[in-house]
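*Asks:* Which chain is which? The protein sequence lines are H and W, in order.
full-length UniProt numbering numbers the first residue of the first sequence as 1 and each following residue consecutively.
full-length UniProt numbering numbers the first residue of the second sequence as 1 and each following residue consecutively.
Do not take every clue at face value.
Which copy? The list can't say, so a pair holds if one copy fits it or any two copies do.
[As the list claims (entries may be wrong)] No farther apart than 27 angstroms at their CA atoms in a straight line, the calculated lysine-lysine pairs in the DSS-like style are these:
no., residue 1, residue 2
1, 218, 270
2, 328, 270
3, 181, 218
4, 66, 83
5, 181, 292
These are calculated hints, taken from the structure and not from any lab test.
There are 2 protein chains.
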Amino acid sequence: MKIAIVFGGVSFEHEISIVSSIAMKDVLNNELVYLFLDASRDLYHIPSDTINSKLFSTGNYKKFDKVYFQKNGFYKKGGLFSKDKDIDFDVVLNLSHGGDGEDGILSSVLDFYDIPFIAPRTEACVVSSNKFLTKGYATSVKVNTLDYKYYTKGEIVCVDSFPVILKPVKLGSSIGVSIVKTQEELEYALDVAYEFDNAVIIEPFISGVKEYNLAGTKIDGKFRFSIIEEPQKAEFLDFDKKYLDFSRTSKALEVDLGEKLNNEIKDSFKRIYNTLFEGSIIRCDFFVVDDKVYLNEINSIPGSMANYLFEDFSNLFNDLASNLPSKKHIPINYEYVNKIQASKGK
Amino acid sequence: MKIAIVFGGVSFEHEISIVSSIAMKDVLNNELVYLFLDASRDLYHIPSDTINSKLFSTGNYKKFDKVYFQKNGFYKKGGLFSKDKDIDFDVVLNLSHGGDGEDGILSSVLDFYDIPFIAPRTEACVVSSNKFLTKGYATSVKVNTLDYKYYTKGEIVCVDSFPVILKPVKLGSSIGVSIVKTQEELEYALDVAYEFDNAVIIEPFISGVKEYNLAGTKIDGKFRFSIIEEPQKAEFLDFDKKYLDFSRTSKALEVDLGEKLNNEIKDSFKRIYNTLFEGSIIRCDFFVVDDKVYLNEINSIPGSMANYLFEDFSNLFNDLASNLPSKKHIPINYEYVNKIQASKGK
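Sequences and hints are given; from them, build the entire structure.
*Replies:* So this is what it looks like as structure tokens:
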């Protein structure tokens, strides 16, 4: 199976998408086609034997062919006397982290052009990329999250008890996130967050909280899980440290929390994944506080696809690629328009 | 200002989108450009002086020019020796009701190609087109909704007390909706709903419940509301009756519920609209039960844009069209890639 990786995109995580995509060479045994979405949303076909991160920082990717979306795929424009050319591939892997890839824009575009792809569909992207909507959704599917307050720019922010963690509603990879210990730090933290977004959520910050990650997917109605990992942690992971995570290919160490907690984490994952995330491999990050499991965040397109958490990622990936959710057929007829026409004709 | 109306789309409400769009001729004083998205998601430029509903039911729209999305707009393909031609317009009005238009697909595509448009952005589309997510969102912004249960296909459905109203999670215009009065009717109603969707919500059905509609938008940070209407109602509006609503251009009658309820309805609208719906004109449908306001549903692209509820719709529309929300600039640099390259070079 030939996989077209669409990566880059207009996103604060543009760069880590490049790193993540290059890591796929070591992880997947498929033939790969690299389609790079640049800062202007122009799409380029990068030969997979040439790809390296420098190509993008230097702008040299521009010497390769431009590619356009079309129904069922992508094409390169022909010259005056040569035909447009299709790109040959079977399934797209949407690996644009953050904006474009994870906020539903790219999934919608792929959907619009009827291109089969691995990634959450639009709804799931929206629910997981917006932390405020994640909270509401988690509550609806009966998964715990930490208490929070939600503010939009201009509203008066009131914090009862410090420390808190303040996050822009929509970004990933710790961008714009601050741990706030005093009232004095609050204004500055808000300014930082509002640089990136027009809304924030504020949660209690629990120092040394236990965090556990679980990745998984649903294939043919059956869940397939990774191991549970306790990621190495600083006070919280900053962008530099998370960045390294996106090129990670060596196996992670499994942690055993005992049957009860292991099951609670898996059960929470299932409730979140539900039917909404079908077609995707996601990683959920959980907190455990006083033996209770809380969802921290949903990584709808995790760094390097969280390959390092799976026993046999390549196999899982190919199983999913050949079992993507089918779309409901929507019949379009003109029953009512015909009725109007008929009554006009009377 | 020249308005390009994108309508049709892969949707159970494809037809009413046609009716809605044609109604815009009587409502807007702008020059209109009609772009029709057919059942195969091919886009056609329909001359505004020729447009009528029969054009679509007969398939005669296919004699007009095909149009393609491109950065900042749309183009028609030129011949061998003629250049591709841009379509001239200022702002798009997304008037594709139901799927494509309201589920975030079309808004994402417009966003992807940097085309200015009137409609909710992707997130707001997702929140309002999925009734389960609407419930979660309403709760998060402290707006009441009726109690509900959520089921996905295959789950055992348990109803304590009849009658209930059973709705597919994702469709509008009463498609697939049933009022269920007995246990015996339940199976059939589920079968009907699952024809259209793989998830349903079930709410208590309150016979003769008072319903009130309010439309509005936010321009330059200020809310602008329509009148509140008590729509004429059968037991519930079926598709035929709703259909007529989509071609409605005559003014509605205002209802005055007294200061307290009027304000509660407007306040609920504001909480829903929030920052999420910026760029759109929406209609919220509320129930009032025992003097308490409940959100029933959000019409993110209401039939004929709910023009009939506004004093001066055309003026409101033009004000919004010239004050669309701007996107945050996302700087793309290669700081980290350069860092990696530098450390490799050492």
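*Asks:* Compare the structure with each hint and give your call.
*Replies:* For each hint, the structure was consulted:
1. 218 / 270: Within one copy only: 9 angstroms inside a chain, 38 angstroms across chains, cut-off 27 angstroms.
2. 328 / 270: This pair counts as within: shortest intra-copy Cα distance 23 angstroms, inter-copy 34 angstroms.
3. 181 / 218: Neither, since 41 angstroms and 36 angstroms both go past 27 angstroms.
4. 66 / 83: So residue 66 and residue 83 pass the 27 angstroms test inside a copy (15 angstroms) and across (18 angstroms) alike.
5. 181 / 292: within (25 angstroms within a copy, 40 angstroms between copies)
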